[in-house]
Amino acid sequence: MVWTNENRSRYDRSKLRYPSDVTNEEWALIAPLIPPAKRGGNKRTVDERAVVNGVMFILSTGCQWASLPKDLPPRSTVNDYFLRWDHDGTLDRIHHALYVKCREKAGRDAGPTAAIIDSQSVKGAEKGGARSTHPVTMRARKSKAGSGTSWSTRKAC
Numbered sequence: 006m007v008w009t010n011e012n013r014s015r016y017d018r019s020k021l022r023y024p025s026d027v028t029n030e031e032w033a034l035i036a037p038l039i040p041p042a043k044r045g046g047n048k049r050t051v052d053e054r055a056v057v058n059g060v061m062f063i064l065s066t067g068c069q070w071a072s073l074p075k076d077l078p079p080r081s082t083v084n085d086y087f088l089r090w091d092h093d094g095t096l097d098r099i100h101h102a103l104y105v106k107c108r109e110k111a112g113r114d115a116g117p118t119a120a121i122i123d124s125q126s127v128k129g130a131e132k133g134g135a136r137s138t139h140p141v142t143m144r145a146r147k148s149k150a151g152s153g154t155s156w157s158t159r160k161a162c
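Start counting the sequence shown at 6; every next residue gets the next number (the working numbering).
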């Protein structure tokens, strides 16, 4: 794709508060994918679009939660929604919808028709990919070597 004046205006995000904010067109695509508030609780008072903008800001900048700008919802609110949407698959559905729309906008098929596989990908797949790695929560192994301090001090008889 060549950057022409037509293409530049199509992808221009300079009029948004943050480049990571969703446009009206993107929001129209995302809004139906957000699950409704749970029944029986209080009415949802948070602006869902502002929460999505907060999540997008974190994901696009990679900043710490504490660095979330003050004009977005509180970081605890954005984090709660992020965790909930990650758990229930909402973030995956949002990503897929935006991905498909982006490909269609670029004049491509919704799904890629070609893939590039390098030797590292093949090696990882042969070994079982991510499942072959040990979980982070594994207990530390007990060292078979003696303690560095136990042999240096003698017991008093």
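By construction, these hints were calculated from the structure, which means they are not laboratory data. We put the CB at the ideal spot given by N, CA and C, even for glycine. Among these hints, one or two may not hold up.
Claimed, not checked - Subject to a maximum C-alpha distance of 25 Å in a straight line, what follows is the list of computed DSS-like cross-link-like pairs (lysine-lysine):
(1) Lys75 - Lys20
(2) Lys48 - Lys106
(3) Lys48 - Lys110
(4) Lys48 - Lys75
Said to hold, decoys possible - Just the calculated beta-carbon pair ranges, DEER-fashion:
(5) His100 - Asn29: 51 to 59 Å
(6) Ala71 - Ile122: 38 to 46 Å
(7) Ile122 - Ser81: 37 to 45 Å
(8) Ile121 - His101: 33 to 41 Å
Checklist line | Distance restraint evaluation - His100, Asn29, Cβ atoms, bounds 51 to 59 Å | finding: With a Cβ separation near 19 Å, His100 and Asn29 fall outside 51 to 59 Å, so the hint is violated.
Notebook entry, point to check: When you check the alpha-carbon spacing of Lys48 and Lys110, does it fall within 25 Å?
Noted result: violated (36 Å)
Check: Is 33 to 41 Å a correct range for the gap between the Cβ atoms of Ile121 and His101?
Finding: violated (21 Å)
Notebook entry, point to check: Hey, Lys75 versus Lys20, does the alpha-carbon distance stay inside 25 Å?
Noted result: Answer holds: Lys75 to Lys20 is near 19 Å, not above 25 Å.
Check: Quick one: are Ala71 and Ile122 within 38 to 46 Å, going by C-beta?
Finding: holds (39 Å)
Item checked: Pair hint Lys48 and Lys106, alpha-carbon separation not exceeding 25 Å -> violated (31 Å)
Check: Straight-line Cα separation of Lys48 and Lys75 no greater than 25 Å?
Finding: Within the cut-off at roughly 23 Å; holds.
Next item on the list: Mind checking the hinted window 37 to 45 Å against the Cβ distance between Ile122 and Ser81?
Entry: holds (41 Å)
When the structure is compared with the earlier hints, violations turn up for hints 2, 3, 5, 8 and for no others.
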